[in-house]
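Participant: Let's have the full structure, built from the sequences with the hints guiding it.
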Amino acid sequence: MSSDIPVRETYRLMPPGTDVIMYIVLIPFAALFLYGIYRRVRVYGVEWPELFRDFPTRMGNLVRYALLQRKVVREKTAGAMHLLIYSGIIALLIATTLVFIDYDILRNFNQSILRGQFYLFYEAIFDFMGLLLLAGLAILLYRRFIARERRLRWKDEYLLIFLGLFFLGITGYILEGLRLYIAPRPWGSWSFVGKAVSDLFAAFSLDLGAALGAYRALWWAHALVTFTMVALLPYSSLLHVLATFGNAYFSALRDPNPGKMPTPFRIDQLDPETAEIKLGARSVDDFSWRQRLGLDACTDCGRCEAACPAFASGTPLSPRMIVQKLREEMWYSKDKMDGGARDLFAAGIIEEDEVWACTTCAACVEACPVLISPLEYILEMRRALTLEGKLDKRKTTMLTNLSRLYNPYGLPQHEREQFLQELRSMGVKTLAENPEAEYLYWIGCASSYDARSREIVRSMVKILQAAGVCFAILGEEELCTGDPARRIGEEGRFQELALTNIELFKNYNVRKILTHCPHCFNTFKNEYPDLGGNYTVIHHTQLIGELLRSGRIKPKRPLAERLTLHDSCYLGRINGIIEEPRMIINSVAGDRFVEMQRIGRRSFCCGAGGANYWYEVKRENRESVIRLNEAMNTGASTMVVECPYCLQMFNDATRIVGAEEKIKLKDISEVVAETLE
Amino acid sequence: MVDIIVCLKQTADVNQVRPHPETLEPQLGQAPRKISDFDLNALEEALRIKEKHGGRVVAVCVGHDIQQLLIREALAMGADEAYVVSDPRLEKADGLVTAETLAALIKKIGKWDLILCGEASLDESAYQTGPRLAEIFNIPHITYAVRAELEDGGIKVWKAMEGGIHVVKASLPAVLAVGLEINTPRLPSLLMIRAASRKPIHEVKLSELGLSEEQLTPAVETLQVKALKVERRRITLEGEPEELAQKLAEILVQEGLVKK
Chain Z
1 MSSDIPVRET YRLMPPGTDV IMYIVLIPFA ALFLYGIYRR VRVYGVEWPE LFRDFPTRMG
61 NLVRYALLQR KVVREKTAGA MHLLIYSGII ALLIATTLVF IDYDILRNFN QSILRGQFYL
121 FYEAIFDFMG LLLLAGLAIL LYRRFIARER RLRWKDEYLL IFLGLFFLGI TGYILEGLRL
181 YIAPRPWGSW SFVGKAVSDL FAAFSLDLGA ALGAYRALWW AHALVTFTMV ALLPYSSLLH
241 VLATFGNAYF SALRDPNPGK MPTPFRIDQL DPETAEIKLG ARSVDDFSWR QRLGLDACTD
301 CGRCEAACPA FASGTPLSPR MIVQKLREEM WYSKDKMDGG ARDLFAAGII EEDEVWACTT
361 CAACVEACPV LISPLEYILE MRRALTLEGK LDKRKTTMLT NLSRLYNPYG LPQHEREQFL
421 QELRSMGVKT LAENPEAEYL YWIGCASSYD ARSREIVRSM VKILQAAGVC FAILGEEELC
481 TGDPARRIGE EGRFQELALT NIELFKNYNV RKILTHCPHC FNTFKNEYPD LGGNYTVIHH
541 TQLIGELLRS GRIKPKRPLA ERLTLHDSCY LGRINGIIEE PRMIINSVAG DRFVEMQRIG
601 RRSFCCGAGG ANYWYEVKRE NRESVIRLNE AMNTGASTMV VECPYCLQMF NDATRIVGAE
661 EKIKLKDISE VVAETLE
Chain L
1 MVDIIVCLKQ TADVNQVRPH PETLEPQLGQ APRKISDFDL NALEEALRIK EKHGGRVVAV
61 CVGHDIQQLL IREALAMGAD EAYVVSDPRL EKADGLVTAE TLAALIKKIG KWDLILCGEA
121 SLDESAYQTG PRLAEIFNIP HITYAVRAEL EDGGIKVWKA MEGGIHVVKA SLPAVLAVGL
181 EINTPRLPSL LMIRAASRKP IHEVKLSELG LSEEQLTPAV ETLQVKALKV ERRRITLEGE
241 PEELAQKLAE ILVQEGLVKK
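Just so you know, the protein sequences line up as chains Z and L, in that order. Positions 1 to 677 (my numbering) are the ones given, in order, by the first sequence. Positions 1 to 260 (my numbering) are the ones given, in order, by the second sequence.
One or more of the hints may lead you astray.
Examples of chain L residues toward chain Z, derived with CB under 7 Å [unchecked claim]: (1) Q16; (2) P19; (3) L180; (4) T184; (5) R186; (6) S189; (7) L190; (8) R194; (9) A195; (10) S197.
Because the hints were derived from the structure by calculation, they are not lab data. Positions of the beta carbon are idealized from the N, C-alpha and C atoms, including for glycine.
Facilitator: Written as structure tokens, this is what we have:
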């Protein structure tokens with residue numbers, strides 16, 4: 001080969017036969033890697049027939065969220081860090097692959113791609129990409145040691161991974177520098193970093209023999225560290241580089257809406273004589289293979305924890321720790337290959353209050369950059385606990401209330417007689433009286449039994465009547481939707497209530513359901529279809545928005561107060577209804593509407609969701625108080641909510657912090673009704 | 001290994017009992033029924049003993065119009081089988097009749113080491129059945145149990161008494177009557193209740209028990225039960241907290257609710 005054409009000189013400075021020795025040395029590392037992958041796949045217990053179902057959707061997720069990391073880059077610093085390290089490593093992998101193609105394949109056919117212009121480009125580009133890797137690692141150090149982000153956990157493994165990457169990045173340049181120092185090439189400056197390093201050696205007039213010795217030693221060190229990292233990939237957090245792709249691909253097996261829990265059986269189709277009584281998860285074996293694979297995608301980044309309201313309130317729950325502990329259990333405890341896994345609760349791996357503290361707000365699902373849903377693991381564990389039935393007094397009472405009185409409040413049906421009487425006097429008809437009504441207005445338990453929440457109904461009735469909407473209520477026939485039962489894990493009781501309601505709706509030929517409760521809304525809209533109940537479900541914010549847009553109601557008396565809006569989890573994040581309430585508030589308050597910092601999909605839970613309204617978990621703070629303070633920081637004198645439970649939680653919070661005079665709580669329908677008078 | 005009998009009573013759900021608007025008589029028949037709360041505590045305690053020491057738990061239930069579903073709830077909680085006597089003649093049963101009927105039924109079941117029951121029933125609160133049962137079998141009984149542990153072939157029980165807890169021991173067989181504080185009964189999930197239909201419920205006829213007319217005649221006759229009609233006085237006090245406390249204290253003393 002003539003030396004005036006730039007060309008990649010692989011193994012130029014290594015003793016002859018190094019290539020063969022290297023491949024021999026590689027064998028055990030490769031074997032370890034392959035065995036590790038095989039073992040992981042065995043632990044997951046992948047069901048192969050499911051591999052290619054829904055292929056386009058799955059590939060779409062894989063490209064968007066794994067390859068392009070659309071969710072990773074939502075955070076600036078962490079996103080930049082990961083993107084730099086990720087692209088740096090991928091680039092270096094491509095660089096090495098090109099060498100492999102050039103040397104180990106094409107060379108045998110007397111061909112070469114790494115020559116001429118392309119080779120120069122190759123050197124410059126990959127020198128640059130190596131810098132990206134080092135820049136990413138620098139941000140990593142910044143986050144760990146200067147910014148000291150609280151959510152970053154320390155594990156010795158993480159230090160080793162960092163050192164490995166750093167070593168590869170640095171030694172790559174040193175090797176290049178030594179090579180150019182020992183055997184200078186006219187095109188050397190294309191490798192601009194390597195050239196600078198070689199100039200440094202020249203400045204110190206490094207002994208050529210020593211340089212060659214160092215080169216060869218470092219060459220092997222570089223190779224061995226690379227091999228080690230690859231070999232250990234399936235045994236360490238590095239596995240996330242593969243598992244995230246798998247998880248993104250298979251995430252389509254889970255419902256994309258975190259507000260819809262999977263329906264494991266139909267109680268009306270179950271034969272009690274033969275059905276296997278099993279529900280939820282008490283061990284890692286009880287999760288599905290996709291869920292086990294998902295655990296390996298977790299990088300311990302802590303974004304879910306930072307977003308979690310239960311964690312912020314000092315409960316025992318951290319969604320990150322749930323996933324990490326399950327992952328650890330899957331790795332180190334007995335796996336499927338050597339007999340069953342341990343009982344998570346009996347072995348003390350998961351504390352019961354960890355799963356009870358979850359408000360099912362799905363902030364963790366929203367935050368996870370790699371499409372893990374910590375929520376789904378939590379809900380499965382709740383199901384297992386509830387199946388066994390050893391719950392504390394308050395949970396037991398709530399479920400007993402649902403089974404005996406058909407509402408979680410534990411108030412007899414006749415408690416609401418007076419209120420229903422009042423509604424009748426306002427001209428509200430029941431479906432029995434007005435079967436032709438367009439909408440069934442579903443009141444919900446909160447507004448049936450809680451005095452303050454009844455105000456929402458009064459306001460809604462005013463609005464509906466002003467707009468001439470034809471609606472009716474169920475009156476005494478209305479029961480709970482079953483949401484609190486399902487969220488606490490009592491699937492059977494949920495289905496019993498749901499099936500009763502569906503039967504009732506069928507009798508009345510109900511097609512459109514209007515409700516002001518986001519939990520009822522979510523359950524009807526997302527969960528009833530699995531049980532055969534398909535309706536057009538409308539939240540009152542949607543209907544009010546529509547009435548304002550079409551001019552069927554017109555605000556007459558503008559509001560004077562400053563308003564801020566709290567997005568309810570089950571409306572905003574979970575069901576994407578974010579614009580409607582803002583449109584409504586803008587049309588009645590205009591520029592006196594101020595936003596909090598965390599809004600829309602990033603809103604922060606009031607603490608009541610997931611049946612948490614009905615029981616207590618030990619805690620240091622309350623979600624509602626944290627959020628109320630955020631609302632007060634906007635300077636607003638009214639906090640507008642869209643959910644009767646948010647209303648009750650924040651009302652309590654104002655009493656706890658003594659802010660009853662400073663900030664008022666109103667449902668969005670109350671705000672609108674006020675402007676109509 | 002301890003074999004335990006748990007006595008369950010089906011009562012009206014008192015939270016849902018409404019007084020008749022005119023006669024003020026509680027309309028027990030209209031309220032949904034449930035297993036008396038105390039008896040669920042007894043069953044829970046039996047199940048905990050079983051989980052720790054092994055053995056069988058048999059539920060027994062006597063009364064009128066016994067609902068199968070409620071028995072299945074008990075089986076879903078973990079009882080192994082149930083014996084039921086449902087007869088209209090037991091509608092007016094008092095502690096005496098109930099204890100005689102239960103005893104005759106239990107004699108048919110065979111071997112047992114311990115009888116657990118609630119200290120009272122949710123609807124009538126007579127505190128009779130447990131001690132009477134022990135007298136019939138001529139075995140020790142311990143009431144008002146808030147904690148129980150098997151120990152050296154006997155049972156050690158923490159009894160809630162006025163002024164403190166008494167710790168007592170009894171040899172087996174014995175009758176234990178438990179209070180609400182002893183535990184939180186587990187709640188059978190609907191799935192478990194459905195599955196409990198695989199467990200046996202033995203229906204025994206009252207006539208098979210060989211009880212005499214005397215044994216089936218209540219010793220107590222209830223003449224009348226009426227709901228109290230209480231009107232609140234709705235007194236509103238106004239002023240600073242210190243004044244309010246002063247005024248409230250005066251009223252309480254005036255009413256004789258607090259002694260000076």
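Participant: Against chain Z, is T184 of chain L within 7 Å by beta-carbon distance?
Facilitator: Since chain Z brings a Cβ to about 5 Å from T184 of chain L, closer than 7 Å, the hint holds.
Participant: Using 7 Å as the Cβ threshold, decide whether R194 of chain L counts as touching chain Z.
Facilitator: For R194 of chain L, the interface hint holds, since the closest Cβ of chain Z sits about 4 Å away, which is under 7 Å.
Participant: Are L190 of chain L and chain Z close enough, Cβ to Cβ, to be under 7 Å, as the hint says?
Facilitator: 3 Å, holds
Participant: Would you settle whether the hint for P19 of chain L is holds or violated, based on the nearest Cβ-Cβ distance to chain Z being less than 7 Å?
Facilitator: Since the shortest Cβ distance to chain Z is 12 Å, the answer is violated.
Participant: Interface hint check: Q16 of chain L, Cβ to nearest Cβ on chain Z, cutoff 7 Å. Holds or violated?
Facilitator: 5 Å, holds
Participant: Against chain Z, run the beta carbon of S189 of chain L and see if the smallest gap drops under 7 Å.
Facilitator: For S189 of chain L, the interface hint holds, since the closest Cβ of chain Z sits about 5 Å away, which is under 7 Å.
Participant: Identify whether the interface hint at L180 of chain L stands, where standing means a beta carbon of chain Z within less than 7 Å of its own.
Facilitator: Result: violated, 10 Å to nearest chain Z Cβ.
Participant: Next item in the hint list is S197 of chain L. Is there a CB on chain Z closer than 7 Å to its CB?
Facilitator: 5 Å, holds
Participant: A closest beta-carbon separation below 7 Å is what the hint needs, so does A195 of chain L meet it against chain Z?
Facilitator: This interface hint holds because 5 Å falls under the 7 Å limit.
Participant: Let's test the interface hint: is any C-beta of chain Z closer than 7 Å to that of R186 of chain L?
Facilitator: Because about 4 Å separates R186 of chain L from the closest Cβ in chain Z, which is inside the 7 Å limit, the hint holds.
Of the numbered hints stated above, those contradicted by the structure are hints 2 and 3, listed in ascending order.
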